[in-house]
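J.: Chain by chain, the residues run as shown.
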Amino acid sequence: MQKMIKKYFALFALPTLLAFIVAFVVPFVLGIYLSFTEFTTVTDAKWIGLSNYVKAFQDQDFVNALWFTAKFTIVSVISINVLAFLLALLLTQKVLGRNVFRTVFFMPNLIGGIVLGYIWQLMINGVLYQFEVTLTSSAKYGFWGLVILMNWQLIGYMMVIYIAGIQNVPKEQLEAAKIDGASNGIILRKIILPLVMPSITICLFLTISNSFKLFDQNLALTAGAPSKQTAMLALDIFNTFYSKAGFEGGGQAKAVMFFVMVALIVVVQLGITRRREIES
Amino acid sequence: MLGDSQKSRPLLFLLLLVLAIAFLLPIFIVFMNSFKGKFFISDEPFVFPGGDTFVGLENYTSGIQKIGFFSAFGMSLFITVFSVAAIVFFTSMTGWYLTRVKTKWSSALFFMFVFSMVVPFQMVMFTMTQTANVVGLDNPVGLLVIYLGFGSGLSVFLFSGFVKSVPLEIEEAVMIDGGSPIDMFFKVILPILKPIAITVAILNVMWVWNDYLLPYLVIGTEYQTIPIAVQYLKGGYGSIDMGAMMAMLVLAIIPIVLFYLFCQKYIIEGVVAGAVKG
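These protein sequences, in sequence, are chains A and B. For the first sequence, counting from 1, position 148 maps to 148 in UniProt numbering; every step adds exactly one. For the second sequence, counting from 1, position 59 maps to 59 in UniProt numbering; every step adds exactly one.
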């Protein structure tokens with residue numbers, strides 16, 4: 001049977017493959033190559049070895065964006081997952097209007113990043129106005145603004161995944177533990193948490209990669225202001241390409257490092273949490 | 001007590017109610033401000049419109065005209081509908097093909113699709129835009145091809161995972177009856193793939209409809225989607241017209257909320273299924 005199907009490669013696989021080559025494979029390979037060259041368009045590239053990478057690390061904006069992104073990712077990943085898990089615990093209890101609440105909490109996730117950014121710009125500036133400052137007065141406002149925005153957007157999404165995980169915990173096991181007199185804390189730590197480990201893996205993966213790669217929300221909320229202090233990595237790379245002429249090589253080197261960081265974080269995180277899944 | 005589902009709790013209900021109101025508040029505030037004069041928004045966003053500050057639908061009419069909202073809406077709709085249709089149609093075939101045909105090449109290809117899922121957009125942002133220019137895909141129709149290519153990683157992966165759970169016997173039976181692989185796929189396999197096709201469609205609708213950077217870089221501001229139009233309202237007019245901005249935010253949110261309310265069950269299930277398998 002495999003042989004019969006194999007003959008139909010041109011129909012079943014070729015269209016996707018061609019689009020994939022144009023949109024991903026060629027740009028990816030070219031991107032790696034260009035990061036070692038000096039260029040303004042793809043055709044005038046001149047090999048310069050590692051200097052783009054050296055330049056990128058000498059760029060204060062890049063180093064600053066790296067720290068900002070790292071701090072932002074840590075704070076949002078922890079807050080989103082803790083709050084989403086708590087909400088999921090509440091919404092798996094018997095309570096009136098459970099589905100309506102689930103619907104409401106999930107909704108912000110569907111709104112696009114640009115629109116979200118402007119919604120929260122209004123909200124946060126409205127509050128800060130009472131103290132006669134704005135979102136862009138200091139980097140700390142932009143930082144916490146982004147954290148709040150990200151929480152609002154992703155808590156519902158993660159909550160839905162945690163709810164699915166908690167609902168998979170066998171009722172008998174919970175009842176048996178209760179009959180044995182286990183406290184709520186023990187039930188949570190010894191029964192629920194190990195069994196929802198797969199959900200934790202997924203939620204950590206989604207929140208880490210969404211936070212680390214954040215762009216639209218960053219552009220709309222602060223656009224990096226004041227003076228690029230709140231620009232995250234993705235925005236810094238964009239700025240290097242499109243608002244500094246002659247820095248395309250540097251931008252591409254930053255982009256390659258960005259890719260390597262994302263890939264490393266994802267591999268390490270999945271490795272650690274998957275191992276814990278198996279143990280439990 | 002955890003997992004205890006015997007009685008309903010009024011206190012828990014109240015807590016959740018407060019949280020739900022807090023969650024909806026930002027949207028309500030934007031809605032309220034969309035009826036206020038543009039100079040009364042930044043200073044006092046939490047005050048209801050009334051008297052001098054109430055301007056009726058003025059922000060809506062000026063905003064719609066400034067950014068050409070309806071053509072942006074049409075553009076977003078066109079790109080989303082056709083690119084998601086293309087993604088579901090082509091990647092379902094590819095996912096099935098790569099799972100059923102086991103060769104060195106098909107495994108290598110599958111690995112590349114999975115690999116593309118961890119590559120952030122910024123890595124290929126510049127070179128993809130250049131490539132699209134060179135091969136003439138820098139237009140709304142070409143954008144559909146780019147979306148198919150860039151979206152194929154996750155979609156092929158999800159379809160392929162689902163196909164693994166479809167028993168081979170079904171396909172063998174069709175083959176014995178003399179059906180060609182084309183008949184087999186479209187008449188037998190595709191209907192079986194429906195649940196995962198819904199998941200793939202929903203995840204891609206959420207991505208493409210809200211995507212800002214990819215269409216902005218590939219076709220620029222000539223054909224604006226809604227996110228590009230909203231961002232343009234800020235960039236294109238020096239000091240930002242807050243009134244028009246509020247009205248356009250409301251108009252940008254309405255289609256999503258309607259879509260959500262009608263397909264809520266599929267959306268939440270689809271997102272969970274996509275996450276669990278991804």
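Source of the hints: derived by calculation from the structure; they are not laboratory data. Hints should not be assumed to be uniformly reliable.
Stated by the list, open to error - BS3-like, lysine-lysine: derived pairs with alpha carbons at most 25 Å apart:
1. B:Lys194 / B:Lys102
2. A:Lys3 / B:Lys164
3. B:Lys234 / A:Lys140
4. B:Lys234 / B:Lys66
Owing to the predicted nature of the structure, the values given are computational and were not obtained by experimental measurement.
J.: Each of the hints needs a verdict: does it hold here or not?
T.: Going through the hints against the structure:
1. With a CA separation close to 24 Å, the supplied pair Lys194 (chain B) and Lys102 (chain B) stays within the 25 Å bound.
2. Restraint check for Lys3 (chain A) and Lys164 (chain B): satisfied, since their Cα atoms lie roughly 18 Å apart, inside the 25 Å limit.
3. Our distance criterion of 25 Å between C-alpha atoms is met by Lys234 (chain B) and Lys140 (chain A), whose separation comes to about 23 Å.
4. Distance restraint check for Lys234 (chain B) and Lys66 (chain B): the Cα-Cα separation of roughly 11 Å lies within the 25 Å cut-off, and the hinted pair is therefore satisfied.
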